[in-house]
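*Asks:* The chain contents come next:
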Amino acid sequence: MTGPGADEGDQPVNLLLRASEIVERPVVTLGGDDVAQVRDVVFSGSDGDVVGFTLAKRGMFGGRLREVLPWREVVALGPDAVIIADQAALSFEPLAAGHATSEHGDGDVLGDKVITDGGVELGRVVDAVVEVSAGSARVVGYEMEPAPTFEPIHGRQGRRLFVPRPETLAASNQVVVVPAAAVDYVADDLAGFGEAIDGFRSRLRGEM
Amino acid sequence: MRFSECRHRPVLDTGSAAEIGRVDGFVVDAAMHRIHALRIGKYKGGSILRWDDVQGFGPDAVTIRSQETVRQPGDALDESGDLVGQRVLSDAGFDLGAIDDVEFDPDSGDLQRLILGDRNIDAATLLGAGSYAAVVRQPAGDVASR
Chain A
1 MTGPGADEGD
11 QPVNLLLRAS
21 EIVERPVVTL
31 GGDDVAQVRD
41 VVFSGSDGDV
51 VGFTLAKRGM
61 FGGRLREVLP
71 WREVVALGPD
81 AVIIADQAAL
91 SFEPLAAGHA
101 TSEHGDGDVL
111 GDKVITDGGV
121 ELGRVVDAVV
131 EVSAGSARVV
141 GYEMEPAPTF
151 EPIHGRQGRR
161 LFVPRPETLA
171 ASNQVVVVPA
181 AAVDYVADDL
191 AGFGEAIDGF
201 RSRLRGEM
Chain B
1 MRFSECRHRP
11 VLDTGSAAEI
21 GRVDGFVVDA
31 AMHRIHALRI
41 GKYKGGSILR
51 WDDVQGFGPD
61 AVTIRSQETV
71 RQPGDALDES
81 GDLVGQRVLS
91 DAGFDLGAID
101 DVEFDPDSGD
111 LQRLILGDRN
121 IDAATLLGAG
131 SYAAVVRQPA
141 GDVASR
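Chains A and B, in that order, are what the protein sequence lines are. In terms of this note's numbering, the first sequence opens at residue 1 and continues consecutively. In terms of this note's numbering, the second sequence opens at residue 1 and continues consecutively.
Excised from the complex, chain A in its bound form (with noise of 0.2 Å):
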């Protein structure tokens, strides 16, 4: 990443965020207060917007708490915490129904099976990322590991690869439909997948 000291005049850059990543971190009060962390990243099915969070106490062992964060309270998602501007933005109103991201969820994503369009299948999800920018976060791929039968980068059988999500999906419980276009804009490192999902998105928008 380029953290401080960056080049200014620098176009912003979206920040790429395994939610693996932002489970546990620390929700901090603009106050400087850790009022919770995060317990599950929940998301839109359909378009992948991040709709909030779910949460539990803070430490290795902290229960879930029966407040929520809903997206529209965040100050900032940052790699090292979740800024809000107070404790009045944990709410005990539910969040909307969502994917969850983690296995503490009620239909969360991992393990669900990623399969093209034309039917092949590409792997199994290990992990979803998000794509967070000036006011929004979305779940814009997975991680995923391959199947034994999927190779799309020469000899890195067995690794885990990237794959971008389509703006808008059909949403199922254990399946993850992709166009078969996908299979192009698979990549094995998160560095490159940013400019993968670009490259994706365009051509399914009859861009390229």
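These aren't lab readings, by the way, just hints derived from the structure by calculation. Keep in mind that the hints are not guaranteed to be accurate.
[Said to hold, decoys possible] Taking lysine to any residue and the SDA-like style, the derived pairs with C-alpha atoms no more than 25 Å apart in a straight line are:
no., chain 1, residue 1, chain 2, residue 2
1, A, Lys57, B, Gly81
2, A, Lys57, B, Ser131
3, B, Lys42, B, Asp101
4, A, Lys57, B, Glu79
5, A, Lys113, A, Ala96
6, A, Lys57, B, His33
Got chain A sorted already, so can you dock chain B onto it with the hints?
*Replies:* Just chain B now, with coordinates in the frame of chain A:
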């Protein structure tokens, strides 16, 4: 002037010309970017000297008009932790490191700069400080990217 230069500076009661204790630390009002009080060590009468009760913050002594102004902690800020050593988070959710030292104006008590290793952060960007971190506005030029 830096916090580290002022530790152990004697606190002198100018009424009695008695040294009543030494500066042990700083209590900061992070949201106001200023010193709220000095923590005083080795004085039985109390441990808190409010900045507004400081007569002069000199190079050799901190002077007060009366030792009565050194009191027990009286508000939530008085009980707050030390800014030095605290983690700094930006309001974009980036961990910027830990505070090594703080530069301040000895005339006004205003904080000027947070020192994090070889990096300085303008204290005016400080939004608050709590149980987990001091929070600052995301420094300009830092791009949320990887």
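*Asks:* Does each hint fit the structure? Answer for all of them.
*Replies:* Outcome of the hint check:
no., hint, result
1, Lys57/A <-> Gly81/B, "22 Å, holds"
2, Lys57/A <-> Ser131/B, "14 Å, holds"
3, Lys42/B <-> Asp101/B, "23 Å, holds"
4, Lys57/A <-> Glu79/B, "24 Å, holds"
5, Lys113/A <-> Ala96/A, "24 Å, holds"
6, Lys57/A <-> His33/B, "30 Å, violated"
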